[in-house]
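Enquirer: All the letters of the sequence shown, read from the start, carry residue numbers 2 to 110 under the working numbering.
The hints are simulated quantities; they were obtained by calculation from the structure and are not laboratory data.
You may find that some hints are simply not true.
[Said to hold, decoys possible] SDA-like, lysine to any residue: derived pairs with alpha carbons at most 25 Å apart: (1) Lys-80 - Thr-29; (2) Lys-80 - Ala-67; (3) Lys-80 - Thr-43; (4) Lys-80 - Glu-68; (5) Lys-80 - Leu-70; (6) Lys-80 - Glu-4; (7) Lys-80 - Val-69; (8) Lys-80 - Ala-21; (9) Lys-80 - Asn-27; (10) Lys-80 - Leu-66.
[What the hints assert, rightly or not] Here are the in silico distance ranges between beta carbons for each label pair: (11) Ala-76 - Ala-12: 14 to 22 Å; (12) Arg-50 - Ala-78: 26 to 34 Å; (13) Pro-82 - Ala-21: 24 to 32 Å; (14) Ile-46 - Ala-78: 34 to 42 Å; (15) Ser-64 - Asn-27: 34 to 42 Å; (16) Arg-50 - Glu-4: 12 to 20 Å.
It should be emphasised that the depicted structure is a prediction, and the values quoted were computed from it without experimental measurement.
Quick reminder that beta carbons are idealized off the backbone N, C-alpha and C, glycines included.
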Amino acid sequence: MAESLLSRLTAEMRAQAEEACAELRNATEAAGCPLPSLTVDTPSIVTGRVLVHLGGALPEVISRLAEVLRAGADALAAKDPSARETDSDDPAFCTAHLSPELPPTGAAK
Numbered sequence: 002m003a004e005s006l007l008s009r010l011t012a013e014m015r016a017q018a019e020e021a022c023a024e025l026r027n028a029t030e031a032a033g034c035p036l037p038s039l040t041v042d043t044p045s046i047v048t049g050r051v052l053v054h055l056g057g058a059l060p061e062v063i064s065r066l067a068e069v070l071r072a073g074a075d076a077l078a079a080k081d082p083s084a085r086e087t088d089s090d091d092p093a094f095c096t097a098h099l100s101p102e103l104p105p106t107g108a109a110k
């Protein structure tokens, strides 16, 4: 069967998502908090974006992941104090960074 147009157009994004997924899988396993349901999704038919799904994990695994992320954030902040300066209180922060071509939720049209 021939490859779809969407598959051809999103091949590079999918390759980036696969690489990011592998990096995260290796890092979480090395940190003792593996994410067993970590997968790369198919491209969105609306945006063409390819997402990495973190999936589900046991509460103790998520607690360990949070501990590792906090330690990493603290280590980064010790190197560069401005690393913690974000707009993370803004609900559109993550969406704007994931899909810069789309207006944030609630933006004027």
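Enquirer: Now, for every hint given, state plainly whether the structure supports it.
Expert: Hint check:
For the suggested pair Lys-80 and Thr-29, the alpha carbons sit about 22 Å apart, so the restraint of at most 25 Å is met. Taking the CA atoms of Lys-80 and Ala-67, the gap is near 20 Å; set against the 25 Å cutoff, the hint holds. The hinted pair formed by Lys-80 and Thr-43 fails the criterion: a straight-line CA distance of about 37 Å is larger than 25 Å. Taking the CA atoms of Lys-80 and Glu-68, the gap is about 19 Å. The hint holds against a cut of 25 Å.
For the hint pairing Lys-80 with Leu-70, the CA-to-CA distance comes to about 15 Å; that is within 25 Å, so the pair holds. Restraint check for Lys-80 and Glu-4: not satisfied, since their Cα atoms lie roughly 46 Å apart, outside the 25 Å limit. Under the criterion of a C-alpha separation no larger than 25 Å, the hint pairing Lys-80 with Val-69 is consistent with the structure, at around 17 Å. Distance hint between Lys-80 and Ala-21 is fulfilled; the C-alpha atoms sit about 24 Å from each other, no more than 25 Å.
A threshold of 25 Å between alpha carbons decides the hint, and for Lys-80 with Asn-27 the separation of about 24 Å falls inside it, so the pair holds. Taking the CA atoms of Lys-80 and Leu-66, the gap is about 21 Å. The hint holds against a cut of 25 Å. The hint said 14 to 22 Å for the Cβ distance between Ala-76 and Ala-12, and at roughly 35 Å that hint is violated. For Arg-50 paired with Ala-78, a C-beta distance near 30 Å keeps the hint of 26 to 34 Å intact.
As the Cβ distance of Pro-82 to Ala-21 is approximately 27 Å, the hint placing it in 24 to 32 Å holds. The hinted range of 34 to 42 Å is satisfied by Ile-46 and Ala-78, whose Cβ atoms lie roughly 39 Å apart. Between Ser-64 and Asn-27 the beta carbons are some 20 Å apart, a value that contradicts the proposed interval 34 to 42 Å. At roughly 19 Å, the beta carbons of Arg-50 and Glu-4 sit within the given window of 12 to 20 Å.
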